[in-house]
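Asker: Now for the letters of each chain:
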Amino acid sequence: MSINEMYFSELLGNPAIDPTGEKLGVLYDIGVKGSDPFPEICFIAVKRGKKIYSVEYSFVKILNRRILAFNRRLKNIPLNELNLECLWLRQHILDKQIVDILGSKVVRVNDIKLAYYEGTVRPVAVDIGLLGLLRRLGVGFVGNKFNLKEELISWEYLEPIQQGTTEILLTVPQSKIADLHPSEIAEILSQLNSKERTKLINSLDDETLAEALGEMEANFTANILENLDDKRASEILEQMASDDVADFLGDLPEFKRQRFFALLNQQDQEEIKKLLEYDEKTAGGLMTKEFITFNEELTAEETINKLREMAPDAEMIYYLYVLNEKGQLKGVLSLRDLIVAKPSEKLRKIMRKKIISVADRASAKEVISVIAKYNLLALPVVDKDNRPIGIITVDDVMDLLLPGGYHHEKV
Amino acid sequence: MKKFKVTNKFLQKSLYILSIIGPGLITVNAGNDAGGIATYAAVGALYGYRMLWGLLLITFSLAVIQEMNARMAVVTGKGLSDLIRENFGVKVTFLAMVILFVANLGVCIGDFAGIAASLELFGVAKFVSVPLMAVFIWYIIIKGSYSRLERILLLFTVVFFSYIITAFVVKPDWSEVFKATVTPSIIPEKDYILTFIGMIGTTITPYMQFYLQGSIADKGLSLKDYKYEKLDVYFGAFWGDLVSFFIIVTTAATLYKAGIKIETAQDAALALKPLAGQYASLLFGIGLLGASILAAIVIPLSTAYAVTEAFGFERGLDKSFGEAPVFYGIFTFMIFISAILILLPKISLVGIMLATQQLAGILSPIILILMVLLTSKKELMGELVNNRLQSIIVWVTVIFIIILTMILVMASFFTF
Numbered sequence: 001m002s003i004n005e006m007y008f009s010e011l012l013g014n015p016a017i018d019p020t021g022e023k024l025g026v027l028y029d030i031g032v033k034g035s036d037p038f039p040e041i042c043f044i045a046v047k048r049g050k051k052i053y054s055v056e057y058s059f060v061k062i063l064n065r066r067i068l069a070f071n072r073r074l075k076n077i078p079l080n081e082l083n084l085e086c087l088w089l090r091q092h093i094l095d096k097q098i099v100d101i102l103g104s105k106v107v108r109v110n111d112i113k114l115a116y117y118e119g120t121v122r123p124v125a126v127d128i129g130l131l132g133l134l135r136r137l138g139v140g141f142v143g144n145k146f147n148l149k150e151e152l153i154s155w156e157y158l159e160p161i162q163q164g165t166t167e168i169l170l171t172v173p174q175s176k177i178a179d180l181h182p183s184e185i186a187e188i189l190s191q192l193n194s195k196e197r198t199k200l201i202n203s204l205d206d207e208t209l210a211e212a213l214g215e216m217e218a219n220f221t222a223n224i225l226e227n228l229d230d231k232r233a234s235e236i237l238e239q240m241a242s243d244d245v246a247d248f249l250g251d252l253p254e255f256k257r258q259r260f261f262a263l264l265n266q267q268d269q270e271e272i273k274k275l276l277e278y279d280e281k282t283a284g285g286l287m288t289k290e291f292i293t294f295n296e297e298l299t300a301e302e303t304i305n306k307l308r309e310m311a312p313d314a315e316m317i318y319y320l321y322v323l324n325e326k327g328q329l330k331g332v333l334s335l336r337d338l339i340v341a342k343p344s345e346k347l348r349k350i351m352r353k354k355i356i357s358v359a360d361r362a363s364a365k366e367v368i369s370v371i372a373k374y375n376l377l378a379l380p381v382v383d384k385d386n387r388p389i390g391i392i393t394v395d396d397v398m399d400l401l402l403p404g405g406y407h408h409e410k411v
Numbered sequence: 001m002k003k004f005k006v007t008n009k010f011l012q013k014s015l016y017i018l019s020i021i022g023p024g025l026i027t028v029n030a031g032n033d034a035g036g037i038a039t040y041a042a043v044g045a046l047y048g049y050r051m052l053w054g055l056l057l058i059t060f061s062l063a064v065i066q067e068m069n070a071r072m073a074v075v076t077g078k079g080l081s082d083l084i085r086e087n088f089g090v091k092v093t094f095l096a097m098v099i100l101f102v103a104n105l106g107v108c109i110g111d112f113a114g115i116a117a118s119l120e121l122f123g124v125a126k127f128v129s130v131p132l133m134a135v136f137i138w139y140i141i142i143k144g145s146y147s148r149l150e151r152i153l154l155l156f157t158v159v160f161f162s163y164i165i166t167a168f169v170v171k172p173d174w175s176e177v178f179k180a181t182v183t184p185s186i187i188p189e190k191d192y193i194l195t196f197i198g199m200i201g202t203t204i205t206p207y208m209q210f211y212l213q214g215s216i217a218d219k220g221l222s223l224k225d226y227k228y229e230k231l232d233v234y235f236g237a238f239w240g241d242l243v244s245f246f247i248i249v250t251t252a253a254t255l256y257k258a259g260i261k262i263e264t265a266q267d268a269a270l271a272l273k274p275l276a277g278q279y280a281s282l283l284f285g286i287g288l289l290g291a292s293i294l295a296a297i298v299i300p301l302s303t304a305y306a307v308t309e310a311f312g313f314e315r316g317l318d319k320s321f322g323e324a325p326v327f328y329g330i331f332t333f334m335i336f337i338s339a340i341l342i343l344l345p346k347i348s349l350v351g352i353m354l355a356t357q358q359l360a361g362i363l364s365p366i367i368l369i370l371m372v373l374l375t376s377k378k379e380l381m382g383e384l385v386n387n388r389l390q391s392i393i394v395w396v397t398v399i400f401i402i403i404l405t406m407i408l409v410m411a412s413f414f415t416f
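From first to last, the protein sequence lines stand for chains P and Z. Per the working numbering, numbering of the first sequence is gapless, rising by one per residue and ending at 411. Per the working numbering, numbering of the second sequence is gapless, rising by one per residue and ending at 416.
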């Protein structure tokens with residue numbers, strides 16, 4: 001390790017002395033401020049007996065692995081209360097949890113690396129590895145013997161989840177969270193404790209959270225929704241896909257189900273009620289109510305315009321289902337068919353008339369085999385009058401195919 | 001779509017119906033595992049009613065201690081290993097985790113002894129039952145499919161309530177029972193103290209503190225719900241120890257009177273004979289088996305979660321072995337080492353169950369000290385910082401256990 005680098009754990013407890021060798025106490029904490037890209041040290045906290053004082057960093061002459069030396073006599077150094085404006089490495093960072101968003105896991109800060117940057121010592125990275133842990137235990141040599149690699153996260157990537165708080169730090173800017181896959185967000189949420197989880201949840205927008213909840217177990221989803229106020233909970237439920245909501249409600253015990261059901265709007269309540277009536281292992285239980293249908297008399301251009309308006313809500317827009325005026329399923333159209341068609345052509349002319357569909361009581365097994373046989377991304381479910389009542393998307397079927405159900409992903 | 005398990009929240013989910021009653025109650029019931037039953041049965045059989053006063057005092061300590069866990073969980077939203085790490089740094093955390101690991105490994109061994117003993121009642125040799133159950137338990141854990149099983153196993157343990165009925169059937173001298181409950185008496189001999197520590201160890205187990213705090217923290221209760229949680233915890237402590245009380249009374253009124261010492265599970269089952277007659281072994285076997293399997297699933301898994309959380313290692317059953325080697329390593333090691341130890345020849349199963357509780361009892365003060373320090377921290381607890389009475393009760397408990405342990409150490413010095 002170069003002389004210019006040191007670990008926070010090596011500094012803690014070092015004697016703090018003035019030029020005459022008089023001892024003020026021992027180094028207890030380091031306060032930092034700003035980030036450009038690394039923060040500057042602004043205060044040093046020194047512990048003397050049971051009291052902790054903070055001293056401005058401008059009074060510090062030497063800060064290294066052996067000592068903390070001031071540049072003037074102790075009597076000329078003002079001692080302050082702990083300054084709460086800055087970020088204290090020990091109090092706020094060391095031993096705390098960090099959400100490693102790229103790795104979608106929750107890790108702990110085992111140590112902090114400091115180094116010279118633009119002439120001054122600054123924290124440059126947090127150590128989240130085993131080596132840091134062993135160093136803290138005083139047996140760092142064990143790690144070196146086994147050639148353990150350092151696991152560092154550069155300070156540049158750290159960001160508090162909410163400005164002004166210090167409790168939970170993220171390894172990528174918070175604005176990026178929304179770009180993560182919902183299942184990654186779900187994974188992170190599942191590893192946080194309840195207070196931290198609440199903070200992260202408050203920072204997510206409704207749509208992102210709704211998608212993430214769709215990836216979680218019912219009880220966990222219920223737990224999260226229960227801790228939101230009713231207004232937000234009902235907005236989130238509205239954003240969730242109807243099959244996810246039905247799955248979620250279906251897995252809850254009766255009294256809880258009632259409570260969440262009441263948060264749904266009228267229209268969703270009816271949809272969900274219908275979905276809940278189906279056995280989970282039938283087409284009706286697998287389907288979602290969000291799909292797109294068009295009247296066969298529309299032209300391609302009208303259809304594209306309409307699609308632009310409504311697409312954001314639907315789960316599947318690659319297949320468009322075409323209905324006659326009685327609402328019966330007459331044909332299907334891929335997005336590609338629609339785009340390459342002449343704008344003035346009616347859907348009736350361009351749609352494919354051979355439709356693959358299943359009845360709502362069809363078994364899951366049948367659904368799987370139909371989807372596999374025809375290589376479909378989605379399969380419409382129809383009632384006895386051939387009216388579409390939902391679609392089953394291929395990702396919902398995938399769950400059934402994995403042995404051991406959805407938690408199975410290993411060994 | 002892959003759905004995520006609530007990682008360290010497995011209990012809350014799996015004991016779902018029971019979690020409505022409350023984590024406090026579940027924790028104490030889960031604490032009445034193989035070692036617990038063996039200990040209470042032995043207490044009654046060896047010393048009659050003479051340790052009941054201790055149980056009464058422990059119940060107060062237990063209530064206060066578990067209330068501290070509930071309070072920490074509600075105020076901070078964090079588990080105990082989380083808080084220890086964040087407030088005491090790596091070294092103390094390491095110590096706490098070693099203690100938790102050792103104590104839990106002890107309890108886990110005790111539970112495998114319980115599995116072996118209960119199945120022996122049904123005529124299954126331990127060389128058959130233990131390896132099979134070890135593989136079964138490990139498989140259940142990695143499949144993440146213990147939730148339904150857990151409910152069934154908890155139902156099994158309901159048979160221990162038959163001790164309460166038996167206690168009335170055998171018509172003990174209630175005035176004598178009452179007198180013993182309120183009059184402290186100490187017999188200054190090594191076995192008595194050891195048994196006493198075992199009783200503390202099985203009632204106030206380190207594992208229960210981590211487990212209870214974790215399950216309350218995961219509920220994400222707000223401060224205004226705290227008063228209900230407090231009730232739950234107090235009631236749980238009282239109820240759990242009520243069952244223990246009747247086990248002691250029953251074995252005291254039957255085995256102690258008859259001069260039978262508990263050496264095998266068969267002996268403990270004998271206490272139920274006045275009620276269940278020839279079915280006593282059956283009844284006892286079912287309860288012991290359910291309690292043992294339940295604990296043998298929950299304890300290794302909760303240890304793995306606590307340790308990996310404290311050190312920030314990857315964890316969760318949706319990770320692979322390669323991604324989370326420490327997590328998988330811990331519970332796998334605990335299960336199989338327990339199974340192997342039980343299979344060593346010439347070993348007394350009840351002896352193991354008792355010894356593991358004694359170990360847990362000796363180690364518990366260190367965790368209790370950390371808890372009392374945490375709950376006395378104003379920065380952490382805000383207005384809900386410990387009041388004087390709470391601190392006193394816990395310190396008295398801690399000092400009492402330490403003194404007992406010291407007497408024990410000295411006693412073993414002088415007798416050998």
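Among these hints, one or two may not hold up.
Claimed, not checked - Straight line, CA to CA, 25 Å or less: simulated DMTMM-like cross-link-like pairs of lysine to aspartate or glutamate: (1) P:Lys281 x P:Asp360; (2) P:Lys96 x Z:Glu323; (3) Z:Lys224 x P:Asp230; (4) Z:Lys378 x P:Glu85; (5) Z:Lys319 x P:Glu85; (6) P:Lys149 x Z:Glu379; (7) P:Lys33 x Z:Glu314.
As the list claims (entries may be wrong) - Simulated DEER-style distance windows between Cβ atoms: (8) Z:Leu231 x P:Lys273: 32 to 38 Å; (9) P:Lys231 x Z:Ile399: 48 to 54 Å; (10) Z:Phe122 x P:Lys231: 38 to 44 Å; (11) Z:Val158 x P:Val394: 57 to 63 Å; (12) P:Leu82 x Z:Ile403: 52 to 58 Å; (13) P:Lys273 x Z:Val158: 35 to 41 Å; (14) P:Asn83 x Z:Val158: 28 to 34 Å; (15) Z:Lys227 x P:Gln269: 58 to 64 Å; (16) P:Glu22 x Z:Ile369: 50 to 56 Å; (17) P:Asn83 x Z:Ile399: 37 to 43 Å; (18) P:Tyr116 x Z:Lys227: 50 to 56 Å; (19) Z:Phe333 x P:Met310: 53 to 59 Å; (20) P:Asp279 x Z:Gly382: 48 to 54 Å; (21) Z:Leu341 x P:Glu366: 49 to 55 Å.
To be verified - Which bits of chain P does chain Z cover? Going by a derived footprint, with three or more residues having C-beta under 8 Å, they are: (22) 89 to 101; (23) 105 to 117; (24) 130 to 142; (25) 192 to 205.
By construction, these hints were calculated from the structure, which means they are not laboratory data. For every residue, glycine included, the Cβ atom is placed at its ideal position computed from N, Cα and C.
Asker: Against each hint, give a clear statement of whether it holds in the structure.
Answerer: Verification of the hints:
1. P:Lys281 x P:Asp360: holds (11 Å)
2. P:Lys96 x Z:Glu323: The given pair, whose Cα atoms are some 21 Å apart, holds under the 25 Å limit.
3. Z:Lys224 x P:Asp230: holds (17 Å)
4. Z:Lys378 x P:Glu85: This hinted pair holds, its Cα atoms lying about 20 Å apart.
5. Z:Lys319 x P:Glu85: Roughly 39 Å separates the two Cα atoms, so the pair is violated.
6. P:Lys149 x Z:Glu379: Distance of about 36 Å is beyond 25 Å: violated.
7. P:Lys33 x Z:Glu314: Answer violated: P:Lys33 to Z:Glu314 is near 31 Å, above 25 Å.
8. Z:Leu231 x P:Lys273: 32 to 38 Å: Given about 36 Å between the Cβ atoms, the range holds.
9. P:Lys231 x Z:Ile399: 48 to 54 Å: Because 52 Å falls inside the window, the suggested range holds.
10. Z:Phe122 x P:Lys231: 38 to 44 Å: violated (57 Å)
11. Z:Val158 x P:Val394: 57 to 63 Å: Since the Cβ atoms of Z:Val158 and P:Val394 sit about 45 Å apart, the hinted range of 57 to 63 Å is violated.
12. P:Leu82 x Z:Ile403: 52 to 58 Å: violated (39 Å)
13. P:Lys273 x Z:Val158: 35 to 41 Å: holds (37 Å)
14. P:Asn83 x Z:Val158: 28 to 34 Å: 58 Å Cβ-Cβ, so the 28 to 34 Å window is violated.
15. Z:Lys227 x P:Gln269: 58 to 64 Å: Violated: the Cβ-Cβ distance is about 34 Å, outside 58 to 64 Å.
16. P:Glu22 x Z:Ile369: 50 to 56 Å: violated (36 Å)
17. P:Asn83 x Z:Ile399: 37 to 43 Å: holds (39 Å)
18. P:Tyr116 x Z:Lys227: 50 to 56 Å: Since P:Tyr116 and Z:Lys227 have Cβ atoms about 54 Å apart, the given range 50 to 56 Å holds.
19. Z:Phe333 x P:Met310: 53 to 59 Å: holds (56 Å)
20. P:Asp279 x Z:Gly382: 48 to 54 Å: holds (50 Å)
21. Z:Leu341 x P:Glu366: 49 to 55 Å: Hint holds: Cβ distance 51 Å, inside 49 to 55 Å.
22. 89 to 101: With 4 residues in contact (Cβ-Cβ under 8 Å with chain Z), the coverage given for the segment 89 to 101 of chain P holds.
23. 105 to 117: Per the Cβ count (6), the hint holds.
24. 130 to 142: holds (count 4)
25. 192 to 205: holds (count 6)
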